[in-house]
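Trainee: Chains as they are written, first to last, in this note's numbering: chain R, 1 to 148; chain F, 1001 to 1178.
Don't read these hints as lab results, they were simulated from the structure.
Be aware that one or more of the hints could be misleading.
[Stated by the list, open to error] Simulated pairs of lysine-lysine, DSS-like, Cα-Cα distance not exceeding 30 Å:
(1) R:Lys-72 / F:Lys-1086
(2) F:Lys-1132 / R:Lys-38
(3) F:Lys-1132 / R:Lys-49
(4) R:Lys-38 / R:Lys-49
(5) F:Lys-1132 / R:Lys-42
(6) F:Lys-1132 / F:Lys-1086
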Amino acid sequence: MMPRQTPEDMEQLISSYLDGELTQAESQRVRLLLEDHKEYRKVYEEMAKLQRLTHSLAMPNPPDARMEAIEKSISVSASRRIGFYAFWGGLGMWLVYLAVLFAKNLRMPNIPEALAGIVVFGLVSLFLSVVVQRWQEMPHDRYRRIRK
Amino acid sequence: MTAIQPSPVQELTAEHAELSAVFRDYNVRVFHYALQLVGDREDALDITQETFLRLHRHWNRRDDSRPVVAWLYAIARNLAIDLLRKRGTRNETEEDLNLPDAASVTPEDAASNSALRARLWTAIRGLPDPLKEVLLLRDWHGMRYAEIAEITGTNPTTVTSRLYEARQRLRRQLRGYL
């Protein structure tokens, strides 16, 4: 047997009914309650009006310029992460290169060889980051299809 | 057939595209939510920015089975709470919300909807924070109870009772105007 429900319990059900959060059986029960009881119908109508009014409260929109700046800051943060991976990836490749040199010659690479490794992997990383940056910007590039 | 694994750079580029889409879809909503919580436009803009940066930082921890919007709102809410704690008070300037001055509303004016909205907004601002946030998340932002529970760190039963309590208080305060 269902426990006896107070008027507050019924009004809480009406509140949830208004939000479409009840089960089918509960909704049916509330519909019958609203049909049979004028006072509950009034509660429902007042809650519904409150909901409509709350939904229509005006809020100022954020300034476009500031939103664009925020979007840009997220892009910058993304590019930094790509740069971060490129840096550590490059460093990793350079260490592998040094290890290969060491394994082949069984000696530590000399300074010119180590510097050459840094320069080559630096250039490769730079090239990759430029390609990635260009790739990211391509969808927003309005001049892409304009011939010189 | 083996699927081709995307490279880390491809993953980052895809992630950036996804984040941009989330930003475009939700930036205004997050700003409004932050403004409702802290009551100051500049602070709301800062919270919006920090929310999306944090989302970006933790993007790879997301759960694809759950909508991103609740996560986004939860981040904004935590930032707003931190800010209010630091500040120790809430700015509740009505200019920020583009509403008429509720104090000047007479019963005759209240017949018009704009005056009623001003009165309603004053009543909402007077609600305790847990009731106010649930009411705004449901009736202004259109969130489901489960989403509100996730954002506020409660459960749908608590949301149900808080929402009912908020509506009862508003009905009592606006008796004669509804």
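Trainee: Each hint: holds or not?
Mentor: Here is what the structure says about each hint:
| no. | hint | verdict |
| --- | --- | --- |
| 1 | R:Lys-72 / F:Lys-1086 | 28 Å, holds |
| 2 | F:Lys-1132 / R:Lys-38 | 29 Å, holds |
| 3 | F:Lys-1132 / R:Lys-49 | 17 Å, holds |
| 4 | R:Lys-38 / R:Lys-49 | 16 Å, holds |
| 5 | F:Lys-1132 / R:Lys-42 | 23 Å, holds |
| 6 | F:Lys-1132 / F:Lys-1086 | 21 Å, holds |
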